[in-house]
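S.K.: Protein sequences, first through last, are from chains A and B. Going by our numbering, the residue at position 15 of the first sequence is 15; the numbering climbs one at a time, nothing skipped. Going by our numbering, the residue at position 17 of the second sequence is 17; the numbering climbs one at a time, nothing skipped.
By construction, these hints were calculated from the structure, which means they are not laboratory data. Owing to the predicted nature of the structure, the values given are computational and were not obtained by experimental measurement. Careful, some of the hints might be misleading.
What the hints assert, rightly or not - Which chain B residues stay away from chain A? Per the calculated CB distances, all over 10 Å, these:
#1 Thr66
#2 Leu103
#3 Trp154
Claimed, not checked - In silico negatives: residues of chain B with every beta carbon more than 12 Å from chain A:
#4 Leu22
#5 Ser88
#6 Tyr105
#7 Val132
#8 Ile134
#9 Ala170
Claimed, not checked - With a straight-line Cα cutoff of 20 Å, these simulated EDC-like cross-link-like pairs (lysine to aspartate or glutamate) come out:
#10 Lys34(A) with Asp83(A)
#11 Lys114(A) with Glu49(B)
#12 Lys34(A) with Glu54(B)
#13 Lys34(A) with Glu49(B)
#14 Lys183(B) with Glu85(B)
Quick reminder that beta carbons are idealized off the backbone N, C-alpha and C, glycines included.
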Amino acid sequence: MGNESAKTNVSWLAVVIMLFGLLSLASHGTEMLKQAVIGPGSSADLGFAADCRADELEEEQLSLEECQLMVSNVRIILSSSPDWFRPYQLAFSSLGIAATLLSLVTAFSLINRKSPPLRLAIVSITLLLFVDVAGFVAAVNTGPMLRAQYLWPLLLWISVHLCMLVAVIRIEQYDAVDSECRKPETS
Amino acid sequence: MSETGNLVKPKSQNLPRLVVLLHWLLAASVFFLFVSSWWMLSLPLPNAEFTYRELPFQLHKNIGITLFVAVITMAAIRVRSLLREASSHQSWLQRLAVWDHILLYTLLTVCCLSGYMSSSYSGWATKLWWLVDIPLWAAENDDLNILFSEVHLWSCWALLGLLLLHIGAAIYHGVGNDGAIEKMFRLR
């Protein structure tokens, strides 16, 4: 791989890591918020009826049925979540945020360092892939209503991170071969 | 590849470190605000029992207000160079890039301001980062709340469209390796 081509790969890689890193940060952040807000023993769990005043419905551009179903939506989450699901999601979302931040630092290092830290990129993307797979395994073990919400986006994330990981491993291999070829021969 | 005449070649001078950091802070905040707001609007309407919206809405407003300060700071730093680039003779792609930035700053400002105005007329108080009470300077007004909510909604959709163009341009520069990506990542 020529020097110009290696620089192109690294520049492209930094953009891709950054783009999916920012999306991953938003996704894990929202999941944490979701688990922080919707907890067992909250009002929807206690059977309170939805409060759907006409002025609020107009303001939110909602039908009465939609307004009532919003409470059912929370009940679906609560009733299909096993006891372990909430702490598990909170822990893995935190780990996901940490892994994503590491990948963002990696993206900066790819551009700022003379020798791009491709090994660090492999570690951070592997960690992200691990978080995705752990989330997928957790979702598989919940009820069908939560599986319907979680499995498809997680499968997409697994695919994205897998593609990124394979790309970085390949670039790293090229880089290693290239460095070997450029070493001066010793007699 | 970067030598080809038709490609957009940005000027190679580095951006101030503050601009680079603010750019990524803005990007992270905007993505989070979009994703979390799509979810939080599906939560039950608020009353004394249903307080599910309290934390997400407060967080949304806090990030929005902080974002506004960051956008104004960044625009103040970049306005002169952007206007100079807009008036100089360039290819249509370079002109598009400059106008994309100007529109991005404008739409970000409109999104933040319309969100704040809508919140002000909704009658719900805002405590900035749970520390500082922002005084309610307007009385509750449903019509104005709905009006500013609509402006907020449509300016945010327009912003999302423009962001996709911006991301497409970033990938274009990344694959072209023309120095633009280095400018946005360089911290020295």
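S.K.: So if I understand the rule, the pair passes when the alpha-carbon distance is 20 Å or less; does Lys34(A) with Glu54(B) pass?
M.R.: At roughly 12 Å apart (the allowed maximum being 20 Å), Glu54(B) and Lys34(A) satisfy the hint.
S.K.: Would you check whether the claim that Leu22(B) is not at the interface survives, using Cβ distances to chain A and the 12 Å cut-off?
M.R.: holds, 14 Å
S.K.: Please verify whether Lys183(B) and Glu85(B) have alpha carbons no more than 20 Å apart.
M.R.: holds, 16 Å
S.K.: Does the no-contact call for Trp154(B) survive, Cβ to all of chain A over 10 Å?
M.R.: holds, 13 Å
S.K.: Compute the least Cβ-Cβ separation between Val132(B) and chain A, then decide whether it is above 12 Å.
M.R.: The claim stands: Val132(B) keeps its Cβ more than 12 Å from every Cβ of chain A (closest is about 22 Å).
S.K.: Report holds if the minimum CB distance from Tyr105(B) to chain A is greater than 12 Å, and violated otherwise.
M.R.: holds, 19 Å
S.K.: Does Ser88(B) sit more than 12 Å from chain A, CB to CB?
M.R.: holds, 26 Å
S.K.: Is the Cα-Cα distance between Lys34(A) and Asp83(A) 20 Å or less?
M.R.: holds, 16 Å
S.K.: Beyond 10 Å from chain A, beta-carbon-wise, is Thr66(B)?
M.R.: Its Cβ never comes within 10 Å of chain A, the nearest being 15 Å, so this holds.
S.K.: Within 20 Å, alpha carbon to alpha carbon, are Lys34(A) and Glu49(B)?
M.R.: holds, 18 Å
S.K.: For Leu103(B), is the shortest CB-to-CB distance to chain A above 10 Å, so the non-interface label stands?
M.R.: holds, 20 Å
S.K.: For Ala170(B), is the shortest CB-to-CB distance to chain A above 12 Å, so the non-interface label stands?
M.R.: For Ala170(B), whose nearest Cβ neighbour in chain A is about 5 Å away, the distance does not exceed 12 Å, so it is violated.
Hint compliance for this structure: hints 9, 11 are not met, and every other hint is.
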